[in-house]
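Could you put the whole structure together from the sequences, leaning on the hints where they help?
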Amino acid sequence: MRFAKPLDRSRAPRPGASVLLACVLAGFTATGSPAAAQDAQALQLRALAATCANCHGTDGRAVGEGMPRLAGADAAYLAAQMRALRDGKRPATVMHQLAKGYSDAQIDALAGYFAARK
Amino acid sequence: MQRRQLIRAAAAGGVLAALGGCASRGGVPARAQVVVVGGGYGGATAAKYVRLLSEQRIDVLLVEPSEAFVSCPISNLVLGGTRTLADLTTSYDALTHQHGVQRVQDRVASIDAAQRRVTLAGGATVGYDKLILSPGVDLDFDAVQGLRAAHEAGTILQAWKAGPETLALRRQLEAMPDGGVYAITVPEQPYRCPPGPYERASVIAAYFKRAKPRSKVLILDANPDVTSKGALFKKAWSELYAGMVEYRPQHKVVAVDAAARSVKFEVQEDVRADVLNVLPPMRAGQIALQSGLANSNARWCNVHWQSFESTAARHIHVVGDSIQLAAGMPKSGHMANSHAKVAAAAVVAELLGLELNPRPMLNNTCYSFVGDDSVIHVASVHEYVAAEKTFKPVAGSGGVSAERSALEARYALSWARNIWSDTLG
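Protein chains in written order, with the working numbering: chain A, 831 to 948; chain B, 94 to 518.
None of these hints come from the bench; they were simulated from the model.
Remember, predicted model here, so these are calculated numbers, not experimental data.
Be aware that a few hints might be false.
Calculated lysine-lysine pairs in the DSS-like style (CA-CA distance at most 25 Å, straight line) [to be verified]: (1) B:Lys482 / A:Lys930; (2) B:Lys345 / B:Lys309; (3) B:Lys328 / B:Lys302; (4) A:Lys930 / B:Lys485; (5) B:Lys305 / B:Lys327; (6) B:Lys254 / B:Lys357.
Each pair of labels, with its calculated beta carbon distance range [unchecked claim]: (7) B:Ala348 / A:Gly942: 56 to 66 Å; (8) B:Arg452 / A:Ala922: 19 to 29 Å; (9) B:Gly256 / A:Lys919: 42 to 52 Å.
In this text, a Cβ means the ideal position worked out from N, Cα and C, and glycines have one as well.
Shown next, in the form of structure tokens:
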């Protein structure tokens, strides 16, 4: 249990704690490597997708009936809907205003992300 | 013992008990520890998303004194009589059981930024690699003469933090005779939930229209005009509550007289009301002030926007209503949830040695009830602009409702269910 111990930094000083931890944590590699760049991109995409989650549920898994579920939807469909909302071709109360905040590249990335959720 | 069982055991046995024992770290690889202070929209979201975004590689302890989360958004409907406090209440159990967030029901008494540790009110000391602070706002009762005593006596309420006081204000409204006056005072900006006072006035007017139609709602605003969705609120007041709702700008409260049930203003004449709802000026939560983090006018916390790290202390990230906001950002629950995700991603990136997101995004959607089944919204999208080191609204995005509607009332309730799920589920 990590929080079980009282802190004792005198015995275990942690200069550059984040770098040290990065080496210890399995599955992640040091800054600058190609693998780290991939991990950083994956994290950034998850964070971008999280901007939809406030209304559409974490990872697009909406609860209740009122909000469309994004998880598992077809990527081309999602991207086309976002563009139609953004361009005023699909009427909306609020989504047309939000869709205008996202670029084409972001829309495509989001559509791919949500399509890959289950 | 499996990790999940460990977490459950800790939750069941109380994290505090665990905090005192077991000091061995021999052979166990170092895991990063994040402590989150405050379990509101900002803190609960941060705790969950550090776990999610790190794929459970980072341990999270959430320090929050309340037993359960009670939402401020939707709480005006309790005053209007169409929802109960139970409808706004969500357990913290899913954070613990589904996401492995450890939780301690306590307050943070002090922060030692140099040693990177917090001391809890209960006495335990906990170390952190990163601290995420989401203390919300404190109401500055002493800024209004007589208000602290009137509030402690239960005579003049705020009910700006949803909970028992929401029910107490509802009881005052129920007890008020038909023909009475309810008055709400609005502090100068910035304060938590800009449209909140106007929504409250609207749903209380809806209640009066149903139950005591000779009564009146007075909005006494320190600001020069309605601070959010002004045209839509004013239209609703004139069309739905003609002769019942009165809006008076430029009314800055300086004192209250609980016995006379009256309010004194800086300039304007005194106002008497049967139910007085005085919202004093607000500032960052006490723990931020006492820790030297409220470095904007000794009132709000300045942050580096790319990561939400405090400009006053390394490794402390501040999110939600307690920060000095960037242009176009309201102090809202949705915005706090959005801040928390950017901060969580930055904390995860730093602890895992990954590059910080060069262009984080966030958004806000804020629904306001103007009647029992009639709602308006304001929405915005914000992006981090590296050249200016701040968030700015994305040009062309955002806006308000074209008109109030029952459709948006359904969306508002659906928004609430989904953000509660995203924050706590």
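For each hint, the structure was consulted:
no. : hint                            : in the structure
1   : B:Lys482 / A:Lys930             : 22 Å, holds
2   : B:Lys345 / B:Lys309             : 20 Å, holds
3   : B:Lys328 / B:Lys302             : 17 Å, holds
4   : A:Lys930 / B:Lys485             : 14 Å, holds
5   : B:Lys305 / B:Lys327             : 22 Å, holds
6   : B:Lys254 / B:Lys357             : 24 Å, holds
7   : B:Ala348 / A:Gly942: 56 to 66 Å : 59 Å, holds
8   : B:Arg452 / A:Ala922: 19 to 29 Å : 25 Å, holds
9   : B:Gly256 / A:Lys919: 42 to 52 Å : 45 Å, holds
Against the hints set out earlier in the document, no violation occurs for any number.
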